[in-house]
Amino acid sequence: MIDDVLTVAELAAAADETLSGALTGSQRRLAFDEGFAPQAWQSVVTSGWASVLLDRRHGGLGLGTSALGALFACAGRHLLPGPLLASTVAAPLLINETDVLAAGPTGLDGLLFAWADPEDHGAPADEITISGGTVDGRVELVHHGARADMLLVVGTDGSDLRVALVPVDATGVTIQAMPSLDTAAGYASVDLVGAEAAAIAGDSALVDRIRRTARLMISFQLAGLARHLLDESVAFALQRHQFGRPIGSFQAIKHLLADMCVDVIAAEALCRSAALEVDAGETLPDPTLPAKACAAATARSVGEGALQVHGGIAFTREYDLHRWFLHALSLQDLYGAERTLVTTIGTGLLDIGAGGWQ
Amino acid sequence: MNPAAENGAESVEEFRVRARTWLADTEIPVLPPNFDDRAPVLREWQRRLHAAGFIGIGWPVDVGGQGLTAAHTLAFSDELVRARAPQPVGSIGLEVVGPTILRYGTDEQRARFLPAILTGEHVWCQGFSEPDAGSDLASLRTSATIDDDTVTITGQKVWTSWATDADWCAVLVRTDPQASAHRGISYVLVDLRSPGVTIRPIVMINGDAEFNELFFDQVRVPLTQVLGGLGQGWKLAMDTLGWERAGYAIRRRIENEVAFTRLLGGARKDPSSADAAAIGRLAVHLRAFRAVSQDTAERLLRGDVPSPYDSVDKLLLGRTEQELTGVAFDLLGPRRMVSEPGDETWSPELVTAAYLYGRAASVYGGSVQIQRNIIAERLLGLPRER
Numbered sequence: 017m018i019d020d021v022l023t024v025a026e027l028a029a030a031a032d033e034t035l036s037g038a039l040t041g042s043q044r045r046l047a048f049d050e051g052f053a054p055q056a057w058q059s060v061v062t063s064g065w066a067s068v069l070l071d072r073r074h075g076g077l078g079l080g081t082s083a084l085g086a087l088f089a090c091a092g093r094h095l096l097p098g099p100l101l102a103s104t105v106a107a108p109l110l111i112n113e114t115d116v117l118a119a120g121p122t123g124l125d126g127l128l129f130a131w132a133d134p135e136d137h138g139a140p141a142d143e144i145t146i147s148g149g150t151v152d153g154r155v156e157l158v159h160h161g162a163r164a165d166m167l168l169v170v171g172t173d174g175s176d177l178r179v180a181l182v183p184v185d186a187t188g189v190t191i192q193a194m195p196s197l198d199t200a201a202g203y204a205s206v207d208l209v210g211a212e213a214a215a216i217a218g219d220s221a222l223v224d225r226i227r228r229t230a231r232l233m234i235s236f237q238l239a240g241l242a243r244h245l246l247d248e249s250v251a252f253a254l255q256r257h258q259f260g261r262p263i264g265s266f267q268a269i270k271h272l273l274a275d276m277c278v279d280v281i282a283a284e285a286l287c288r289s290a291a292l293e294v295d296a297g298e299t300l301p302d303p304t305l306p307a308k309a310c311a312a313a314t315a316r317s318v319g320e321g322a323l324q325v326h327g328g329i330a331f332t333r334e335y336d337l338h339r340w341f342l343h344a345l346s347l348q349d350l351y352g353a354e355r356t357l358v359t360t361i362g363t364g365l366l367d368i369g370a371g372g373w374q
Numbered sequence: 481m482n483p484a485a486e487n488g489a490e491s492v493e494e495f496r497v498r499a500r501t502w503l504a505d506t507e508i509p510v511l512p513p514n515f516d517d518r519a520p521v522l523r524e525w526q527r528r529l530h531a532a533g534f535i536g537i538g539w540p541v542d543v544g545g546q547g548l549t550a551a552h553t554l555a556f557s558d559e560l561v562r563a564r565a566p567q568p569v570g571s572i573g574l575e576v577v578g579p580t581i582l583r584y585g586t587d588e589q590r591a592r593f594l595p596a597i598l599t600g601e602h603v604w605c606q607g608f609s610e611p612d613a614g615s616d617l618a619s620l621r622t623s624a625t626i627d628d629d630t631v632t633i634t635g636q637k638v639w640t641s642w643a644t645d646a647d648w649c650a651v652l653v654r655t656d657p658q659a660s661a662h663r664g665i666s667y668v669l670v671d672l673r674s675p676g677v678t679i680r681p682i683v684m685i686n687g688d689a690e691f692n693e694l695f696f697d698q699v700r701v702p703l704t705q706v707l708g709g710l711g712q713g714w715k716l717a718m719d720t721l722g723w724e725r726a727g728y729a730i731r732r733r734i735e736n737e738v739a740f741t742r743l744l745g746g747a748r749k750d751p752s753s754a755d756a757a758a759i760g761r762l763a764v765h766l767r768a769f770r771a772v773s774q775d776t777a778e779r780l781l782r783g784d785v786p787s788p789y790d791s792v793d794k795l796l797l798g799r800t801e802q803e804l805t806g807v808a809f810d811l812l813g814p815r816r817m818v819s820e821p822g823d824e825t826w827s828p829e830l831v832t833a834a835y836l837y838g839r840a841a842s843v844y845g846g847s848v849q850i851q852r853n854i855i856a857e858r859l860l861g862l863p864r865e866r
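Chains W and C, in that order, give the protein sequences.
Numbered by our numbering, the letters in the first sequence go through residues 17 to 374 in order.
Numbered by our numbering, the letters in the second sequence go through residues 481 to 866 in order.
Be aware that one or more of the hints could be misleading.
Now the in silico label distances, taken between C-beta atoms and shown as ranges [stated by the list, open to error]:
1) W/G364 / C/G813: 21 to 27 Å
2) C/R864 / W/S36: 27 to 33 Å
3) W/G138 / C/I685: 42 to 48 Å
Partial list, computed: chain W residues near chain C (C-beta under 10 Å) [what the hints assert, rightly or not]:
4) L246
5) E248
6) A285
7) S289
What the hints contain is simulated information worked out from the structure, not anything from laboratory work.
Every value quoted in this text rests on a predicted model; they were computed, and no experiment measured them.
Even glycine gets a Cβ: it sits at the ideal position worked out from N, Cα and C.
Here chain W stands alone, though its shape is the one from the complex (with noise of 0.2 Å):
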């Protein structure tokens, strides 16, 4: 159980130590197979993760990004699978700044959350509207979309952004899963016509905040990905012989390691001081776009690296690694494009209305 009393680094190897005990044997499989493992689940982050961000008066920890995003890191470097979002971030957000807990069912708790934010890759939010307690239209790529409970919509009710709670047995509501080779993207499409929301809550501005704090998470997530993608490759290379010695004595895989390990360590902090200053109040600019930008990159090429490290056992199904990689390139682009991030940026940097670079 979480203990607030724990400074982040505690936090993180405290979380370490649960997920290695929760991610094993026939959990770890169906984590691989079906992109769920719902005793992990369950032990891992309704056991105090959905709390972080909750705020005090409402019993929760009320901590930040900081804090969370350790959390975040940790979940890469497992690979827990699940709508860690929606359960970690959106609703805790949510529950912070509306009285929706009051307005909604009873009992949030144990409720599977999915986030369906058509902006999360890149569709605009006025697909789906919000009109007289009913929601209208189509998300796809909804993380989770298919197991959830309760389905935390994204939409526009004609003057504002909104969260419509829909739970996922109201009439109107179609939800069919989009399978992937990313099985624990755990992809979903949700077709709503007419549905019914139990509740209708928040506004543009806790909608960006929900944004930008996922995209931070995401950051942190893709940077532990990266991380055991680089430890197993340093793993292997000591273990793999070749021409009589360990691969990782070769200079050719030493340098390469080298440079992963030099984008990890560089990803990591910039999660980390992003964290700072999200935390701080210091949003503009803001520092998830290039914490976003530098760890989407960084697992991207770090997974190619370690793909060339393993060499040829790394392309088969029967051997997991392949399975980290594939997750980097699921939320490769989620809340932003390395392409579409930098170019924001440097836009920015020329606006000649623009202050200095800070």
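We have chain W already, so just place chain C on it with the hints.
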């Protein structure tokens, strides 16, 4: 947390405010365009800084320093860059040779050499690399024979920075040819006015003449100028290289961020033809390096140097510097190779010279190939070369 404050000394923030105020009120020297005219200006600047209490910030009071912490030293470096003021000319003495003498010198050596480093009266350089000893520094061949109380040096050094401005040189010489490569090296403090010393500047492709060859022809040096004892040179050199790397990375990062501001100034003159994605990507990498530097500053304050993380810093610094100077170079367009002055901070001459100097960032101070080996072996635990 500030240990100095616990002793009743000035906090880093108070010191920073004092430094900033002093710099704002003082006349910042303008460096003459001619390289050779710079030295007198820089020496005078150091004298002023020393008189104002901004030299030897982290050095003990009993050798003439300010008795403050590494955090104070970093803060002052930062303020100098922000004030567009030059770093003290004696930076090699202050940051590399001086600390080596502090750590390994006898009381007599400390008393003799350190005050002059602080005032700028003695400017130092380092004679390490040789034509046949670059990455493989331990194979150096400059030899020294020992005779009663004299060391006689014959050999050649190359890539010695700022030697023409320097008074003294810390030279690595082979004093014991029978010992193993690393163990036969000694660290000797040499007066460059000694008979037999010749300095020859090397002009680089961008027109700078920062580097020099040093020739030693039977140069006689008192045995009392061997630092740390005979055969200890390698250890001394490696120790100080760690400090040099970490401190240099932090300073250079700030300079790169200033350069990025100039780049943005240049790009904003014609924003539509600038490559926004390349500029944005560069900004991301500068941010990432800044984040790593924060970790490095904490490492320095803990005294966790030398460390294989120094090599991470060096690699990241080189990468960002090369990316920065490359983006600036591309921005200039086809006239970039024409030697014409432009505005003071953004011109083909400056930007092209910076790009070329940037290409050397992956070579000097330990090539990136060596740094990758260090990271692979000492950080990742991969097997050594041999």
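Against the structure, the hints:
Take W/G364 and C/G813: their Cβ atoms lie about 23 Å apart, and the range 21 to 27 Å holds. A hinted range of 27 to 33 Å for the beta carbons of C/R864 and W/S36 is consistent with their spacing of about 31 Å. Hint check: W/G138 to C/I685, Cβ distance near 46 Å, so the stated range 42 to 48 Å holds. Because the beta carbon of W/L246 sits about 8 Å from the nearest beta carbon in chain C, less than 10 Å, this interface hint is met.
Taking 10 Å as the C-beta contact cut-off toward chain C, the hint placing W/E248 at the interface is violated, the least distance being around 12 Å. Annotation: W/A285 was flagged as interfacial toward chain C, and the flag holds, the nearest CB pair being 4 Å apart, inside 10 Å. Contact between W/S289 and chain C, as hinted, is supported at the beta carbon level, the nearest pair being about 4 Å apart and thus within 10 Å.
The structure fails hint 5 only (numbered hints given earlier).
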